[in-house]
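S.K.: Residue numbers (my numbering): 10 to 252.
These aren't lab readings, by the way, just hints derived from the structure by calculation.
Some hints could be false.
Unchecked claim - Taking lysine-lysine pairs in the DSS-like style, the calculated list, with each CA pair at most 30 Å apart, reads:
| # | residue 1 | residue 2 |
| --- | --- | --- |
| 1 | Lys106 | Lys151 |
| 2 | Lys193 | Lys180 |
| 3 | Lys151 | Lys63 |
| 4 | Lys171 | Lys183 |
| 5 | Lys190 | Lys40 |
| 6 | Lys63 | Lys25 |
| 7 | Lys164 | Lys151 |
| 8 | Lys193 | Lys40 |
| 9 | Lys222 | Lys193 |
| 10 | Lys194 | Lys183 |
| 11 | Lys171 | Lys190 |
| 12 | Lys171 | Lys106 |
| 13 | Lys123 | Lys151 |
| 14 | Lys151 | Lys98 |
| 15 | Lys63 | Lys190 |
| 16 | Lys123 | Lys68 |
| 17 | Lys36 | Lys171 |
| 18 | Lys36 | Lys123 |
| 19 | Lys190 | Lys222 |
| 20 | Lys183 | Lys151 |
| 21 | Lys123 | Lys25 |
| 22 | Lys166 | Lys25 |
| 23 | Lys164 | Lys41 |
| 24 | Lys166 | Lys151 |
| 25 | Lys190 | Lys203 |
| 26 | Lys36 | Lys106 |
| 27 | Lys180 | Lys190 |
| 28 | Lys95 | Lys148 |
| 29 | Lys68 | Lys183 |
| 30 | Lys193 | Lys41 |
| 31 | Lys148 | Lys123 |
| 32 | Lys166 | Lys148 |
| 33 | Lys180 | Lys166 |
| 34 | Lys25 | Lys203 |
| 35 | Lys183 | Lys193 |
| 36 | Lys68 | Lys190 |
| 37 | Lys148 | Lys222 |
| 38 | Lys148 | Lys106 |
| 39 | Lys63 | Lys123 |
On a predicted model such as this, the values are computed, not experimentally measured, just so you know.
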Amino acid sequence: MKETIYTIPINDAFDKDCECAICAFMKEEEKKLIEYTVGASMMEPDVRAVTNEKGFCNKHFCDIYNTPNKLSCALVTQTHMEEIIKNLKSGAMDISKSEKGFFKKKDGFDTAVKAEIGRLDTLNSSCAICSRLDDILDKFLKNLVYLYETEPEFKQKFLNSKGFCVLHFEKLLKSAANNLKGDKKDEFIQNLYKIEISHLERNLGDLENFIKKFDHRYINTEFENSRDALIRSAQKIAGYFED
Numbered sequence: 010m011k012e013t014i015y016t017i018p019i020n021d022a023f024d025k026d027c028e029c030a031i032c033a034f035m036k037e038e039e040k041k042l043i044e045y046t047v048g049a050s051m052m053e054p055d056v057r058a059v060t061n062e063k064g065f066c067n068k069h070f071c072d073i074y075n076t077p078n079k080l081s082c083a084l085v086t087q088t089h090m091e092e093i094i095k096n097l098k099s100g101a102m103d104i105s106k107s108e109k110g111f112f113k114k115k116d117g118f119d120t121a122v123k124a125e126i127g128r129l130d131t132l133n134s135s136c137a138i139c140s141r142l143d144d145i146l147d148k149f150l151k152n153l154v155y156l157y158e159t160e161p162e163f164k165q166k167f168l169n170s171k172g173f174c175v176l177h178f179e180k181l182l183k184s185a186a187n188n189l190k191g192d193k194k195d196e197f198i199q200n201l202y203k204i205e206i207s208h209l210e211r212n213l214g215d216l217e218n219f220i221k222k223f224d225h226r227y228i229n230t231e232f233e234n235s236r237d238a239l240i241r242s243a244q245k246i247a248g249y250f251e252d
């Protein structure tokens with residue numbers, strides 16, 4: 010298989026012995042974005058404009074805060090806070106204006122408040138890093154489906170994988186439904202389900218043996234592959250866990 014700039018990360022992810030190759034890829038991309046946010050992006054106005062506008066979700070703000078670069082974290086926080094204050098002042102002015110004027114509507118105040126609530130809801134549900142990760146994931150999945158369709162070597166690697174976490178299974182299913190047609194779509198989706206169910210059942214069997222270890226009747230029984238069954242099963246359901 011010919012290696013290109015977009016095939017290398019996909020192959021690297023599928024070469025890892027893990028419960029979800031997509032999680033393995035996205036975990037690395039998330040780390041890169043955290044480092045970039047408090048590093049090189051500090052000097053890029055376009056990137057700072059996005060972080061100022063969108064801010065960060067709780068998780069990614071914690072990740073940024075926990076980096077060693079506290080100055081960069083403070084500067085990113087400062088300019089985002091300035092943006093929030095500017096927007097709040099604008100919202101307060103809109104609300105104030107709705108109470109004045111000869112032609113004001115009776116519900117003008119409530120309408121202005123609802124508009125401000127809507128803007129705040131958008132702010133509180135946005136994250137510059139989450140948004141970028143969504144774009145990266147979308148491209149990764151499209152390229153994955155394309156490789157499956159065009160590269161027999163990768164197709165075999167895919168078929169030999171351990172499946173995916175439930176979240177990325179759904180994302181991959183959606184990508185295949187949107188980017189494949191006819192028999193190719195049917196084959197991919199059937200193989201995807203076959204792999205996923207098989208490895209969910211594998212984890213379930215190991216988890217059941219893990220649970221038996223807490224029963225005194227099995228205290229001296231060795232169950233192969235049960236030692237890490239709980240973390241593997243949790244990752245299969247919810248995606249990768251923080252180290």
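S.K.: Compare the structure with each hint and give your call.
M.R.: Hint check results:
Under the criterion of a C-alpha separation no larger than 30 Å, the hint pairing Lys106 with Lys151 is inconsistent with the structure, at around 49 Å. Using a Cα cut-off of 30 Å, the hinted pair Lys193 and Lys180 holds, with the two alpha carbons roughly 18 Å apart. Of the pairs offered as hints, the one joining Lys151 and Lys63 holds, with about 26 Å between alpha carbons and a cut-off of 30 Å not exceeded. At most 30 Å may separate the alpha-carbon atoms for a hinted pair to count; Lys171 and Lys183 meet this at roughly 19 Å.
Restraint check for Lys190 and Lys40: the C-alpha separation of about 35 Å exceeds 30 Å, so the hint is violated. With a C-alpha separation of about 33 Å, the suggested pairing of Lys63 with Lys25 is violated against the 30 Å cut-off. With a CA separation close to 14 Å, the supplied pair Lys164 and Lys151 stays within the 30 Å bound. With a CA separation close to 34 Å, the supplied pair Lys193 and Lys40 exceeds the 30 Å bound.
At roughly 44 Å between alpha-carbon atoms, Lys222 and Lys193 are farther apart than 30 Å, so this suggested pair is violated. Distance check on the hinted pair: Lys194 and Lys183 sit about 11 Å apart at the alpha-carbon level, within 30 Å; holds. A distance of roughly 25 Å separates the Cα atoms of Lys171 and Lys190; the hinted pair therefore holds under the 30 Å criterion. Restraint check: the Cα-Cα separation between Lys171 and Lys106 comes to about 60 Å, which exceeds 30 Å; the hinted pair is violated.
A distance of roughly 39 Å separates the Cα atoms of Lys123 and Lys151; the hinted pair therefore is violated under the 30 Å criterion. Distance restraint check for Lys151 and Lys98: the Cα-Cα separation of roughly 42 Å exceeds the 30 Å cut-off, and the hinted pair is therefore not satisfied. Proximity of Lys63 to Lys190 is assessed by CA-CA distance (about 36 Å); at most 30 Å being required, the pair is judged violated. A hinted pair counts as satisfied when its Cα atoms are at most 30 Å apart, and Lys123 with Lys68 qualifies at roughly 28 Å.
Under the criterion of a C-alpha separation no larger than 30 Å, the hint pairing Lys36 with Lys171 is consistent with the structure, at around 17 Å. For the given pair, Lys36 sits about 37 Å from Lys123 by alpha-carbon distance, which is inconsistent with the 30 Å threshold. For the proposed pair Lys190 and Lys222, the alpha carbon gap of about 47 Å is over 30 Å, so the pair is violated. Of the pairs offered as hints, the one joining Lys183 and Lys151 holds, with about 10 Å between alpha carbons and a cut-off of 30 Å not exceeded.
Under the criterion of a C-alpha separation no larger than 30 Å, the hint pairing Lys123 with Lys25 is inconsistent with the structure, at around 49 Å. Taking the CA atoms of Lys166 and Lys25, the gap is about 11 Å. The hint holds against a cut of 30 Å. Of the pairs offered as hints, the one joining Lys164 and Lys41 holds, with about 28 Å between alpha carbons and a cut-off of 30 Å not exceeded. Between Lys166 and Lys151 the alpha-carbon distance is near 17 Å, which keeps this suggested pair within the 30 Å criterion.
As the CA atoms of Lys190 and Lys203 are separated by approximately 19 Å, the hinted pair is consistent with the 30 Å bound. A C-alpha spacing of about 47 Å is found between Lys36 and Lys106, which places the hinted pair above 30 Å, so the restraint is violated. Our distance criterion of 30 Å between C-alpha atoms is met by Lys180 and Lys190, whose separation comes to about 17 Å. For the hint pairing Lys95 with Lys148, the CA-to-CA distance comes to about 35 Å; that exceeds 30 Å, so the pair is violated.
Between Lys68 and Lys183 the CA atoms are separated by roughly 26 Å; this keeps the pair inside 30 Å, and the hint holds. Our distance criterion of 30 Å between C-alpha atoms is broken by Lys193 and Lys41, whose separation comes to about 34 Å. Under the criterion of a C-alpha separation no larger than 30 Å, the hint pairing Lys148 with Lys123 is inconsistent with the structure, at around 36 Å. At roughly 19 Å between alpha-carbon atoms, Lys166 and Lys148 fall within 30 Å of each other, so this suggested pair holds.
Proposed proximity of Lys180 and Lys166 is supported: the alpha carbons are some 19 Å apart, at most 30 Å. For the suggested pair Lys25 and Lys203, the alpha carbons sit about 20 Å apart, so the restraint of at most 30 Å is met. Between Lys183 and Lys193, the direct Cα distance comes to roughly 14 Å. Compliance with the 30 Å bound is thereby established for this hinted pair. Of the pairs offered as hints, the one joining Lys68 and Lys190 is violated, with about 38 Å between alpha carbons and a cut-off of 30 Å exceeded.
Only pairs whose Cα atoms come within 30 Å are accepted, and Lys148 paired with Lys222 is rejected, the gap being roughly 43 Å. For the hint pairing Lys148 with Lys106, the CA-to-CA distance comes to about 45 Å; that exceeds 30 Å, so the pair is violated. A C-alpha spacing of about 20 Å is found between Lys63 and Lys123, which places the hinted pair at or below 30 Å, so the restraint holds.
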